[in-house]
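Asker: Below, each chain spelled out in residue letters.
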Amino acid sequence: MSERRTPAAELRGIEKRFGPVRANRSISLTLARGSIHGLVGENGAGKSTLAQILYGYLRPDAGEIRIGGRPVAFGSPRDAIAAGVGMVHQHFMLVEPMTVLENLMLGREAGLGLAEGRASALATLARLDRGGGTALDPEAKVENLPVGSKQRVEILKALHRGAEILILDEPTAVLTPLEATALFGELRALAEHGKTILLVTHRLREVIEVTDAVTVLRQGEVVAERQTRDTDAAELAALMIGRSPSPPQRRPARLGPLRLEIRELTVRDGAGILRLDRASLAVRGGEIVAIAGVAGNGQSELIESLVGLTAPESGSIRLDDVELIGLTVRERRLRGLGHVAEDRLRLGAVADFSAVENALLGCEQVPQFLRRAANAGALEAAMAAYDVRPAEPERHFARFSGGNQQKLVVARELGRTPALLVAGQPTRGVDVGAAELIHNRLLELRDAGSAILLISADLEEIRLLADRILVLCGGRIAGELTPETADERQLGLLMAGAASA
Amino acid sequence: MRVGATLLRWAEPLLVPLANMAAALLLSGLVVLAAGADPFAAMAVLLRGSLGDPASLGYTLYYATNFIFTGLAVALPFHAGLFNIGGEGQAYVGGLFASLVCLFLGPVFGWLAVPLAVLAAAAGGALWALGPAWLRVARGSHVVITTIMFNFIASALMTFLIVKVLIAPGQSAPESVPFVESAWMPSLGHLLGPSPLNLSFPLALLLATAVWVFLRRMRAGFELRAVGANPEAARAAGISVARATVLALGLGGALAGLIAVNELMGAQHRLLLEFPAGYGFMGIAVALVGRNHPLGIVLAAIFFGALYQGGTELSFDLPQVTRDLVVVIEGLAILFCGALENLFRRRIATWLGKEART
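These protein sequence lines are chains A and B, in that order.
Under our numbering, the first residue of the first sequence is numbered 1, with each subsequent residue one higher.
Under our numbering, the first residue of the second sequence is numbered 1, with each subsequent residue one higher.
Treat the hints with care, since some could be wrong.
Quick list of the computed label-pair ranges, beta carbon to beta carbon [stated by the list, open to error]: (1) B:A138 <-> A:R278: 25 to 35 Å; (2) A:N440 <-> B:P202: 48 to 58 Å; (3) B:F40 <-> A:E109: 46 to 56 Å; (4) A:P390 <-> B:R347: 22 to 32 Å; (5) B:D317 <-> A:A373: 49 to 59 Å; (6) B:T350 <-> A:R399: 45 to 55 Å; (7) A:R278 <-> B:H142: 34 to 44 Å.
Please keep in mind that the hints were generated in silico from the structure rather than gathered at the bench.
Predicted model, so just to flag it, every value in this text is computed and none were measured.
For every residue, glycine included, the Cβ atom is placed at its ideal position computed from N, Cα and C.
Looking at chain B on its own, in the form it has when it is part of the complex (with noise of 0.2 Å):
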């Protein structure tokens, strides 16, 4: 029984994704067939393009590392039943403050910019999580609501920042003046490229793990799922679930301010409007499909960055499949993967418990 058991804990986790995967691509075929593309081609070119050559694999990791720092962003927080969507909100504040060390410590400080940039990044994604955080502690406000409100809060104010204070002098597009060369994150593009990947990569996945320590092995970790998982007996134990908040909020908001490091200092050397593009929701996705588990995050960060990647390739190759659609398939993937992650389980684990006990 026990060996079955075991197996059963093993296999199942890695079964089920590949059942749901298969059944997306299945469907996905379908759609490309009703477009009037052969679904090989289709797949085929998704592969080359995401995959087949040094610079795609680095264009679609430098995708993944954004969705690794926004995935976090969302599960880290969802440890302590809190759910963050406001990562596209904190990743602009995020971006901000980043760009400002860039922009005036940049040319004084010389290297020691980066490391003081990315922390500014952290800062400033935490800084605008902790309104959230405040309003549920203090008055007991919903954190979707707020943090969602947050989102456009940032919007307008970078809106008014960039084209009235930060944009480049004498220039009609709403970006500032470029970062010095010595504020960019060290690319990582000449190792796979051409592409902007840089070292904003390796650093997402030093702090996937990090978050997964800080989660199952740290004192704090410990205390905020002891609050997401049953806060009354959090607090009977004596668990602030006050701090747990703020400070799941506050970590969850410093995850997605790093994608100002990616983006900004690692691809676009500037300041620019709506830089966060989506990806803050995309974390949602990201979390859902990686079960909110680091581990699992960097596997579905790198799924929809290859996604994000080839699916641009295939509108180029292939002119019936269009954008759009890129995108149809990835609302397959996220349906399949995340939203109806039970529908094989069942099935799977009832086979798995005869395989086991036979």
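So that you can see chain A by itself, here it is in the shape it has in the complex (with noise of 0.2 Å):
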């Protein structure tokens, strides 16, 4: 029974500094075994250097871990591993070409041989592969694995190496609203049999949802510790962002002429796969259409083909009554249409480039492009209107958190006060404050009179913002709601082509 009671980890006054900036300020914390413990907190909080601390990562400047009631001091991951704490990271650490088994067996092969590391790994699956549904194929290449699965590949690798602690570092970011909640009930599955869980995340509901305990962190400190059950997602947030936070004030729609008018859209994929099926849509000036959806039922193809990154089989793009399909990116956008691209770092922006370069990315046949002292000015400016920290336009992209990234890209496109913004997933891996004052901004677009597609996984979001609700399911439009009428049952069924609006 004491081996019940003693805690599975405990961090005592952790300190750990970067530079003039203090990442973590003794900071305590302690994992009760078998159970699943939550550390929420903004971006820049220090949550992932926490995280980091407890993998052996990056050392603590003082504090003390101790796993099991036992003292220890991680010079590297490999320590950490050795004494029970595993971590799945937010970017998996997969080796894409190799199977299940092998990607499971990688580092573990024993012996000259691989029967043995062969027969471990299996040993393994059998045992643990139960969570959520289907059981994985061994034998399946894991990039051709949807990425739920590859992060279950992630977890039983953690497992396999003998973690009795996991740390999973924002895995909910790249998982659709289905994988999650199969992931949440995998991880209870795990709790139930003694495993120790330390989720890291910023989203709240999930924090309710599935953990125990969680810890809140800001700026560097623990700010509070709850038992789950007796908090919610409203207190966490505050705690979070030091104040309550305030919902979007959404003033009544004023709806303008049409603007967007999308007929039978159809689009196949490289493989010949129909993706889009005969779509149509409209949106009108002043107003917020959102598309829901799981991932992969034809959002991408539908924001590539309105901006142009696709050519569509057939029908019609009209913006303002011109047709776009035709039209190079550059026409399209010369026309009014601004995109925030679902992935950032892939299509919104060059990570290498400094702010300001970035800034002008897209943008280009502006007059002033040529103007640099301008160009710095406005970018100073957007910086301060959209809270930018730190307000250096030469400073790196890719050293700016995610938040601030995102922040950065939605300022370029909404700078321009586009005619149409197609905005894909504008607030995703971007914490609280942020995600807040994006919202403000593509609502003050809306009252200005733009017509905005917004593509959400975030069905929070999609309420929060829009007028019209449109599911998209296998590349149809399957249904349309308006916030006030969509419960998350009817939403749900929609997605999953099970009903019809």
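Mind docking these for me? Both chains are given alone in their own frames, and the hints should help you get the complex.
Answerer: See below:
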């Protein structure tokens, strides 16, 4: 019984400095055995630093770590793994062309041949792979797996290495709501079997849904510890940002003229598979139309056809009565199309460029392109308006935090006052404060008469912003709802293709 | 913190190459020692032979001119994510174009043939780079492969043309008749000489500046860099990847073609077989050591020019140090300043970080 009462891990007075920045200030944290512990905080609050200290990536400047009651000093993740600490990174550390089994065996081949390692990896799979529906095929190539399954491979990999304590860093950032639910089921099952889980996240709903206890960090300090059943998302949000969050004020829509009209849009991908099937929709000025749906049901193809990155097979896209199909990306942008890319680092920005260079990306045609002082001045104003920190125009884009990167991209696209804004996951991977700001700016743009097409996997965001909700399922518009009438169940059914509205 | 960060930004690009160069020098000294010569004497000969008197300096800068052109020819496409290994062939074809202008228009146009031939050299080089550029855009072929293949095609084509067509009548040496004097690139050998230094050197400096302005201050250069850093984001921003590819390789080829201005119009005053002599390939090392920055390339080019010139003197003066050994020393410089550029970076950065904080 004493075994059960000893905490799985204890951190006492952890301090970590990076130069003048105190990333962790005297942090203490106790992980009860067999529990799921949430670690929440805004971007830059010190969550990742703490996770990396527990996983042996970073050495604390001061403080003590105890695993199962015994003090430890990790010099590297290898030591942490030996002590039973495993980590699932936000960006997976898998060898894509290898199979599930080979990925499990990596680093644990045991012996000269592979037979022994194979056998033990297969045993792990048989013993542990029971969460979330279908079992993994050990011979499937990782590159062919959906994201949710890749994450399961990562978790199994850590368990196969003997992890008793599992750190998950923003595990749902890349998952669909369905996959996230499956993950939580799996985590629950693991906890019931005595594993201890540290869930690092800034999504409060998940914390409420799945954790037993939660620790809130702000500016490197623990500001609160709660038993999850004694708190709620609103309190946690207030603790995280140090004030009560204010949901955006939505004024009734003042509908303007029809701006975007998509008719019978059909898109096939490179393999000839139908991705969008005669999808039709319209957006008027002063209106936010949201596209809901499980990822992979045609959202990306819709965005790419609108922006001009994919040539549709048939159909028409008219913006302010001008046909866009056949026009280049640049011609569309010049006609007033704005685009907040779903994946900012892939499509929305150049990580190697400075902030000011990124502010010019896609705006090369503006007359003041070559006026450097003017550009830097304009960006400084935008940085102030969007609360981008640090407000340094010459700073490398990659060196801003995710939330600030997103604000820079949104500032650029909104700064052009587009006739139509295509906003793909505008607050993905962004903390509460930044999301709030971006939401307010989107509403301001709507009130100024722009048409906004919002594509989001975050139903909360959709309900907060949308005037109308369209559900995309299997490449077709499966139904239309208003935020007032849309409840989670009905949306879920439409998204799964099981009902019609 | 701001002060520390700024110091770091300025000190690092200075200290890191110095540390690398010191390491290369140390190891070169050991090589010279192993060959049975006095490293300090060798160093003295190297320095005297490259910088010691006006003529030596003239030769150093003359070689550096070629290296600036080819270094830029590698660096500019590199900013668009394209590795141009075709400088050798581009220079060769540039030489053909320049020579045709000098040989056939020189007698007619007088001094006007010089700017025309310079443009022709650039056009020839650009033309030769457009083949790989087109293959890249239309077929997705890798430019490393195509540019290097085009070197062989250029070499075979030029051998045929020089040996069979353009060879001076009644001669056995594979070279054309001399250009008329009005088509020569004006010499600077009287300022730093006697040496083959000519107006190509200031032209190279001018173009290095122009490349910097193009990349950092102009719309097309911005687009080109965006394509190099993230082609998908560039496309999503409305930038034409195809246009940037053609422009980058075309300009790179044009810069490589300008070797002909220095070598043929400035020094040899005729078209001769194999005149690019590996300068095109050395451009890769120059760009590597110069970190693809025009200023870095000018400095690296002068460094390699000095090694080239001083190394020749070295193999004359110290019989133990053969020409091959000089190549070894060049190789060490490339290894430490280019390929192993991160050898000391971390330590220096950490050290600077500590200094900045205290």
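Asker: Does each hint fit the structure? Answer for all of them.
Answerer: Hint check results:
1. B:A138 <-> A:R278: 25 to 35 Å: With Cβ atoms ~33 Å apart, the hint holds.
2. A:N440 <-> B:P202: 48 to 58 Å: holds (57 Å)
3. B:F40 <-> A:E109: 46 to 56 Å: Because 53 Å falls inside the window, the suggested range holds.
4. A:P390 <-> B:R347: 22 to 32 Å: holds (27 Å)
5. B:D317 <-> A:A373: 49 to 59 Å: For A373 of chain A against D317 of chain B, whose Cβ atoms are near 55 Å apart, the range 49 to 59 Å holds.
6. B:T350 <-> A:R399: 45 to 55 Å: violated (18 Å)
7. A:R278 <-> B:H142: 34 to 44 Å: holds (40 Å)
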